[in-house]
Each structure stands twice: as structure tokens, then as C-alpha cells.
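Peer 1: The listed protein sequences derive, respectively, from chains S and F. Quick note: the first sequence uses my numbering, first residue 1, plus one each step. Quick note: the second sequence uses my numbering, first residue 1, plus one each step.
A hint or two may mislead.
What the hints assert, rightly or not - Partial list, computed: chain S residues near chain F (C-beta under 8 Å):
1. Arg236
2. His253
3. Lys280
4. Glu290
5. Gly297
6. Glu475
7. Val479
Quick caveat, the hints were computed from the structure, so don't treat them as lab data. Glycine residues also receive a C-beta, built at the ideal position from the N, C-alpha and C atoms.
The lines below spell out each chain.
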Amino acid sequence: MSSKSVHDLDRVVIRFAGDSGDGMQLTGDRFTSDTATLGNDLSTLPNFPAEIRAPQGTLPGVSSFQLHFADHDVLTPGDAPDVLVAMNPAALKANVGDLRRGGIIIANADDFTTRNLAKVGYALNPLTDGSLESYHVHAVPLTATTVEALAEFTGLTRKAKERAKNMFALGLLSWMYNRPTAATQDFLKAKFAKAPEILAANLKALAAGVNYGETTEDFASSYAVGPAPMPAGTYRNITGNTALALGLVAAAHRSGLPLVLGSYPITPASDILHTLSGLKRYGVTTMQAEDEIAGIGMALGASFGGALGVTTTSGPGLALKSETIGLAVSLELPLVIVDVQRGGPSTGLPTKTEQADLLQAMFGRNGESPAAVIAPQTPNDCFAAAVEAVEMATAYRTPVLVLTDGYLANGSEPWLVPAVEDLPRIEPNFATEPNGVDKAGEPAFLPYLRDPDTLARPWAVPGTPGLEHRIGGIEKADVTGEISYEPANHDTMVRLRQAKVDGIAVPDVEVDDPSGAARVLVLGWGSTYGPIAAAVRRVRRAGYAVARTHLRHLNPFPANLGAVLGAYDRVIVPEMNLGQLALLLRARYLVDVRSHTAVRGLPFTTAELAEVLTAAVEELG
Amino acid sequence: MTTTAVNRTSAPTPVALTKKDFTSDQEVRWCPGCGDYVILATVQGFLPELGIARENVVFVSGIGCSSRFPYYVQTYGMHSIHGRAPAIATGLVTANPDLTVFVATGDGDALSIGGNHLIHAMRRNVNLTILLFNNQIYGLTKGQYSPTSRLGQVTKSSPYGSVDTPFNPISLALGAEATFVARAMESDRAELTAILKAAATHRGTALIEIYQNCPIFNDGAFDAIKDRSQQQARLVRLRADEPVRVGVEDSRQVLVRRPDGSLEFVAEAEADPAAYVIHDPYAADASQAFALSRLDSAEMTHVPMGIFRQVSRPAYDDVVRAQVDGAVESAGGAASDADLAELLRGRDTWTVG
Numbered sequence: 001m002s003s004k005s006v007h008d009l010d011r012v013v014i015r016f017a018g019d020s021g022d023g024m025q026l027t028g029d030r031f032t033s034d035t036a037t038l039g040n041d042l043s044t045l046p047n048f049p050a051e052i053r054a055p056q057g058t059l060p061g062v063s064s065f066q067l068h069f070a071d072h073d074v075l076t077p078g079d080a081p082d083v084l085v086a087m088n089p090a091a092l093k094a095n096v097g098d099l100r101r102g103g104i105i106i107a108n109a110d111d112f113t114t115r116n117l118a119k120v121g122y123a124l125n126p127l128t129d130g131s132l133e134s135y136h137v138h139a140v141p142l143t144a145t146t147v148e149a150l151a152e153f154t155g156l157t158r159k160a161k162e163r164a165k166n167m168f169a170l171g172l173l174s175w176m177y178n179r180p181t182a183a184t185q186d187f188l189k190a191k192f193a194k195a196p197e198i199l200a201a202n203l204k205a206l207a208a209g210v211n212y213g214e215t216t217e218d219f220a221s222s223y224a225v226g227p228a229p230m231p232a233g234t235y236r237n238i239t240g241n242t243a244l245a246l247g248l249v250a251a252a253h254r255s256g257l258p259l260v261l262g263s264y265p266i267t268p269a270s271d272i273l274h275t276l277s278g279l280k281r282y283g284v285t286t287m288q289a290e291d292e293i294a295g296i297g298m299a300l301g302a303s304f305g306g307a308l309g310v311t312t313t314s315g316p317g318l319a320l321k322s323e324t325i326g327l328a329v330s331l332e333l334p335l336v337i338v339d340v341q342r343g344g345p346s347t348g349l350p351t352k353t354e355q356a357d358l359l360q361a362m363f364g365r366n367g368e369s370p371a372a373v374i375a376p377q378t379p380n381d382c383f384a385a386a387v388e389a390v391e392m393a394t395a396y397r398t399p400v401l402v403l404t405d406g407y408l409a410n411g412s413e414p415w416l417v418p419a420v421e422d423l424p425r426i427e428p429n430f431a432t433e434p435n436g437v438d439k440a441g442e443p444a445f446l447p448y449l450r451d452p453d454t455l456a457r458p459w460a461v462p463g464t465p466g467l468e469h470r471i472g473g474i475e476k477a478d479v480t481g482e483i484s485y486e487p488a489n490h491d492t493m494v495r496l497r498q499a500k501v502d503g504i505a506v507p508d509v510e511v512d513d514p515s516g517a518a519r520v521l522v523l524g525w526g527s528t529y530g531p532i533a534a535a536v537r538r539v540r541r542a543g544y545a546v547a548r549t550h551l552r553h554l555n556p557f558p559a560n561l562g563a564v565l566g567a568y569d570r571v572i573v574p575e576m577n578l579g580q581l582a583l584l585l586r587a588r589y590l591v592d593v594r595s596h597t598a599v600r601g602l603p604f605t606t607a608e609l610a611e612v613l614t615a616a617v618e619e620l621g
Numbered sequence: 001m002t003t004t005a006v007n008r009t010s011a012p013t014p015v016a017l018t019k020k021d022f023t024s025d026q027e028v029r030w031c032p033g034c035g036d037y038v039i040l041a042t043v044q045g046f047l048p049e050l051g052i053a054r055e056n057v058v059f060v061s062g063i064g065c066s067s068r069f070p071y072y073v074q075t076y077g078m079h080s081i082h083g084r085a086p087a088i089a090t091g092l093v094t095a096n097p098d099l100t101v102f103v104a105t106g107d108g109d110a111l112s113i114g115g116n117h118l119i120h121a122m123r124r125n126v127n128l129t130i131l132l133f134n135n136q137i138y139g140l141t142k143g144q145y146s147p148t149s150r151l152g153q154v155t156k157s158s159p160y161g162s163v164d165t166p167f168n169p170i171s172l173a174l175g176a177e178a179t180f181v182a183r184a185m186e187s188d189r190a191e192l193t194a195i196l197k198a199a200a201t202h203r204g205t206a207l208i209e210i211y212q213n214c215p216i217f218n219d220g221a222f223d224a225i226k227d228r229s230q231q232q233a234r235l236v237r238l239r240a241d242e243p244v245r246v247g248v249e250d251s252r253q254v255l256v257r258r259p260d261g262s263l264e265f266v267a268e269a270e271a272d273p274a275a276y277v278i279h280d281p282y283a284a285d286a287s288q289a290f291a292l293s294r295l296d297s298a299e300m301t302h303v304p305m306g307i308f309r310q311v312s313r314p315a316y317d318d319v320v321r322a323q324v325d326g327a328v329e330s331a332g333g334a335a336s337d338a339d340l341a342e343l344l345r346g347r348d349t350w351t352v353g
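Full structure from sequences and hints, please.
Peer 2: If you want it as C-alpha cells, here you go:
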């Protein structure tokens, strides 16, 4: 137990920042796990460069991990950090502008050498020149103290010892915020099971960090953040990519369909491929394809063969998959396409977030080529979205696009683990016998004879006797599926495919308007859920009435959406693009929605959105 | 796959099928005189010999004249998009091991727009029989030069002659680690049938290049080897474990290896039998098969036909399934609800309330 005083806080935002090689993502991840175990609600934002190792000590090489944890419901990773851990001058320079005045800086003083300062354009050492006097600066010789603490490990080089400085920093922060380190110790034991000396050194560095906080005069007190009230149940911390992978596996399990993933590595979607490739025990097949096109081709082939075909990608990959999605629209087979959006166009910002693939998902194909589009709104919601996508794809024999983004993919939050029996049962309903007669009156299989309710066509899997049939991308005759170039038939088929997707059952949007007096509605989609909800909370606290709703289904839109939009005097649509949803809403509902857009590769801040909403309310008077 | 939810009989249907059973009711829409008709008839005639139930046969194709093939065969089929058939077929056969999957493709579909998928299917050794109809022209788009058109060939898009060096599909396949590589001519039904049989029973990817005449846009491309008077001097029929010969009677030549390693046809009467090249399609090393593929020339002086390579290597889809099945088995069988619950919980949970 600490002999120093402990102050209670309701929320803290910490940002760990360092060189790409400093292990900041791992440090942040571990601190998050230990925080989750303590029962805080939390939200995280990893932010790292596309380069694996950008030149050491430079601004482009800075990697950071932000964590917001609280004793109440957390909606975003936080706008301004309260605490900045800066492992070098570049990390300080790149991040100090975001730190709130009066915040805490813990800097690795050993890295603030003349050379490193010069690399990022500091003429003087900011730790000592007084430029940081509006912050509380702890200049800690992290490297030297870590190396000293590890003096007994004679088998390790100095470099190897220095590498453990992130564990020292983690120990120090764990002490400061009264986090247990047991889970991290277990993690290290598993990670370094085959390298006992490195394991011992890391454990020692972690403990040394805790002791440093406890004993050094520099740190007068520590802080406690109590657990957040959350519904009863079993929780784990989860990123969007992991949640999405697990959702696919769970849905496959509930459908009895084997999951077959065809995928090509691409940031920030690759983690889904990694996760699924380790889950063969659950009957999951993963194929790393030769390119994006082959990835979706394999998935579509698997679906034709009676499996649940899935492909995962990011924007540039989605562009390459367009033609095959069109084929899937024409074949009317179940297919799930996951697009983890990143900054575009072209290669753009591979590791940063954006929502600019909405129109590509909706329309990025030749011809009239409708497909369902679903967008999860938080990291753990990626699980439910994946399950829903599988359900929809199977029920309607249609490609379904799931639009997540870099923020959801790598961000994490606590997740109330659902009970398996509470997940929907998904019935593939394979065709097993002829469903009609041919011209001669003999029993025949008609591959495009539709279900009158869903307009879905039968799914007859090769290997089923008597149902041999051919499907293809050429226009086919209604009902029989034979090649047809008939003008009227094409018109019929185009409209049928559209009607099928338009008719997909999606729930109405729910409007959060507690006072009932709001004249301004804010409508978002996808990952802006957290920042918008946080901004609305802030604006309401200031006494303004704002209604809020969030779109999860982008195609088809919920049936009540038009009525909801029409019920407010002003509709604000924040998006991390230049107004793609706004364009769709205007075209569809003739409502003059007002766009608020930003494409900085980062999620909206609560402050920014709160300002936009406040201005909108005030403008209406 | 252990968890296939498909309800079907996986055992071959015992009833004897005929060519008619594999003929669909669709009107065949190739141009009159197209070589594709002969290939279709040969394949339909050969399929009953496979002894595989009709429902377990699938034809997957891309785009092009050849890719209309699936519509005409009374099995399962997919006419997909340009060049992608090998990728789609890879997913299909990996997901569904009971199927015998053919890919019908052409020189443009397989070697141009779909070149990447073709080479990767072959190096993976997926259980597919790829029928590559080579007419050295784009037919469906009405007569542009293809990746196998001759250098200098005048076509609609090369009025001054094609400047593209053509692919040799056999050399390409061998370079891409294909385990079964053969060439046949559409007009030689007996040989094509024999090769189809060997290919269809091969575990892994079998590539068959089929010379096919396009009477509209590239008529007579293979006349030099179809013409009976010239054929014997040009056609090199590859026979396993036999010397590589061409010609008949007095003019018969045999392939020998010269001291510098190169191959040359010499009059059989003058050749040293110790220098004979003995065709060995089963050799682990593909070098000699590759050297045989290089006997090709634009003039068709010597054109090898038959099976160049036929070796055994684990098939991709078999290994993929074995990994999944092995993981399922060592975990004690298909995942139960409890197993899934454990996965969802992960290793680091906490309880509230």
C-alpha cells in the first residue's frame, strides 16, 4: 500500500507517446487491460505511423496510444490528455499541443540530448527552459534508471536493458493511478516464456517503475479512479477488429456454415485475417490470396460451394473488389465484405481513420448494383454488426458491406460478453429439391424463383443431386436463370435486385431527445457515435436541447428515417469525409441537412462537435 | 471441412451416365465452325467415363468465347468475371471437397487479365483442371491480339503488327510450379480425351492448353500442324519413358542432348542412342519438361503435344482442410456452444455485479 496520499478522480486521459520502436502501443495496451480489470469504463485511440520504423527520434516516427478511463460511462478516447508520457523530444513536440494546461508531462529526460533536441528543432531543452511551465513536468531519467535497476542481469546487453524502459514507465503510471500489475506480469510471463532472462528483466523493470513512484520525492501523490457502474455480467476489453472477427465466427457457428475468409493483407484490416487464421479449431478456413480480387473471388467461390464467404479489406482493396461485388449482386449469393476504412484517396493515410468509403460501398460498381451496407458504431459493436451482416447476407442471398474504420478497428473498450444462446440462429435454408417444372413439365430447379417475402432466390449448393444449374454475371431470365438479353427482362431483373435490397428488414432509428423540445437533430453514422454522444451530453449539460440519432443501416435506410429528419428544424450531420451521408440524405429525403466535416485522420473531438451543436441551437434562437 | 451443412450424397451415383446426361438444354452460341464445339463434345463425351455424379462436377469460367462453356454442360456451373475463375474455383473447391472442379478459360482470360490468378492456382496446386483454350486471339471482343498472338501478328488492334512477345503457356505453367501440364489439339479427340482423363484424376492443378481454331478472327492459326501432309514432320507426340521423336519412316528424327546441354532433333539413323532425350513427365526436376516446351517456335517447326509434366505434390485445398480438420480434431471435435463462449470471453475478463 502506498504511504503517499491518494486523490480521487472521476476520469483521466493518458497519452503514451514515443518512438515507433519504444513499445508505446504495447505499454498502452497493457495499461488498458489493467484498467479494464479494475472495472473502469474506457476508450482507447492508438495512433501510429504507416512506416514500421521511421527514422529514430523524428516527428514522423512518433507513435502514441491514448486511453480515457473513468468511473462513469466513457464515450470517446478524450480530446485533451491530462497526462502525457513522452519518451523523447519528438514525442513531446508532436503531442504537447494537445495536452490540457496544467496537465502532467512525464518525460524520459535521458532522451533529451542535444542531438535528439536538434532533430526536431528544439534549440533549448524544453524540460528546463521554462517553456512548459504551465504543465507539471516530471523529467525522469527513464533509460538510466531502468538500466541501473537491471544491473544484475549481466547476460543482457545495455541495449536489451534499455528496451525494458517501457515497462518501467508502465510501472510508474500503474503506481500513479493505482492500477494492479498482476495481469501484465502474467502477460509478460506468457510472452517471454522462452526467454527467462528477458522475462525477469521486464518484470524487474515493471516493479522498479512502481517503486520509483512510491519512493521518489518527485511524485507526491497518486490518483484513484473508481469503477464505473455497468450492467452486471462478464466483461472483457476488445478492439473493433477482434470484435469483428469474433462476430463472424459466432455467426458462422450459429448458422452451421463453415466460415471461409479470402483476404489480402492491408492496413488496418489485417488483424482480422490474423485473428481468424488462428481460429481453425472453430472450423474457420482462411486463405491469404494473391491479391484483393482473388480474396473476394475465393470468398464468393466458397459461398457458391455452400460456405459463409467473407473478405476483409480497406478502401484501396474495396476498389479492387468492385467487379466481384457486382458479380455477387448478380449471382445473388451470400457474401460479407468488411471494409476497415482509412484515409484516402489512393494509399492515403493507411494507419489513420476516415469515413470516406461510404459512396464507394453504396455505388462503386458498374450498373445498378445494390448491396446492403451496415456500419458499427463502437469497437465492441463490430461484433453485433458482423453477426447482423451474416444474418442479412444469408437471408437475402446478397453481398453485405460492413464499414468500420481505423478508429474502431484499433480502438478498444469494455465489452459485455454475450451469451451464445442469446445470439440469433441463422438458417441457411439450402435448396434440396426441385422448386418448379421445366418446359416439358418435368420437375426442375429454377435458380431465380424468388421467395415472395424476401425476394431471395434459392441457394442450391453444388453436390445436391437434381439441382444442377448455371449462374453467371450475364443477365439472366427471371425465374429460370437462363441467359437473357430481353429488354423487358433486364428491366425486371434490375428492379427486382433493387427491390430485394430495399426490402431488407432493418429496425427504425431511435431518437434520443429527452426533453422533447429539441429543434436541432444531430445524425451520425459509424464511428462518430462516441464523439457525437459525448458532445450532445456536454451541450445538454449546458442547458441546450439537442436530439440525437445514429444510423447503423446505410442501405437500406430505416423506414422512419425520412419522418425523423422532417421532424426537426435543423439536422446536423457530422462525418469524417466531405459530406457523403449528407449527399444521400438530401437526395433521398429532400431535407437540407447541414454537413459538418473533417478529414484529419483522427476522430472528432467532443469540444469541436459541442461547439457546432451549440451554434446550431443558438442560431435557431 | 468437418462442418459442412450441405445435405447431399457424397458417394458417386452408381448409374452409368452418357454424353447426353452432360448436355444442357441451352442453345450453343459459338460461331459456326468454331473449335470450341469439338472441345465441348469431347468433354461431354469424356465426363461419363469419370464415374463422378453429375451434381459433383462444376465448371467455372471467366469471360470470353471459351467461358460460355459452363452453360452447355449439364452440371453445376458459374460463368464469372474476366480472369477470375481460378480464384473463385479455389474458394469453391477448398470449401467443398466433394466437388470435381473444371475451369474453362482462354488465352486472354487466363494469361492476360487473369494471369495472376492462374500462376497462383498452379503454384498452390489447387485441385482444379484448367482447360485453356488457346486460339491466339481475342474472339468475343472481335479480333484483338492476345498474349499468345504471334509477334508481328496483324489484328484489329495491331494493324502494324503486334509488338508483344507472346507467352508460351506451357513454359509459364512449368515456371509457376504446376504439377500437371499438357497440350492437346481440339481436332485430336482421342488424345484430348486421354489427357482429360489423366488430368481429372490428378490431385492438384492440371493445366491443359488446347489449341483451338477461331474461324472468324484467326482462321488457320494451327493449319501447319493440322494439315496431314505437314503434321507428321512437325507434331512431337510426347510419350512417357520414350525417346522424343518426330516424323515418320526415313525422315524420322529424334531429340538428342548435345554436349552443351541444348536439345536438337537429328536424323534417327545418325543419332547416338546414349544421347536420346527420354521423356520423363514424372521427374521431380522440371528442367527437361521446360526444355521441351522451348521447342515451340512461331513457325511451328516442332510442336510438342501431350503431357509435359505429371508429378505429385500436396494439393493446396487438401492441406488447408487438413489444418482445419487437425485443429478441430485435436480440440476434441467441432466447437460446441461452450467452446464458442470460451472464445468470446478470451483470457482476460472481469465480472460486474
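Peer 1: Now look at each hint and say whether the structure bears it out.
Peer 2: Here is how each hint holds up against the structure:
no.: 1; hint: Arg236; verdict: 5 Å, holds
no.: 2; hint: His253; verdict: 5 Å, holds
no.: 3; hint: Lys280; verdict: 4 Å, holds
no.: 4; hint: Glu290; verdict: 4 Å, holds
no.: 5; hint: Gly297; verdict: 3 Å, holds
no.: 6; hint: Glu475; verdict: 11 Å, violated
no.: 7; hint: Val479; verdict: 15 Å, violated
Hint violations for this structure: numbers 6, 7, all remaining hints satisfied.
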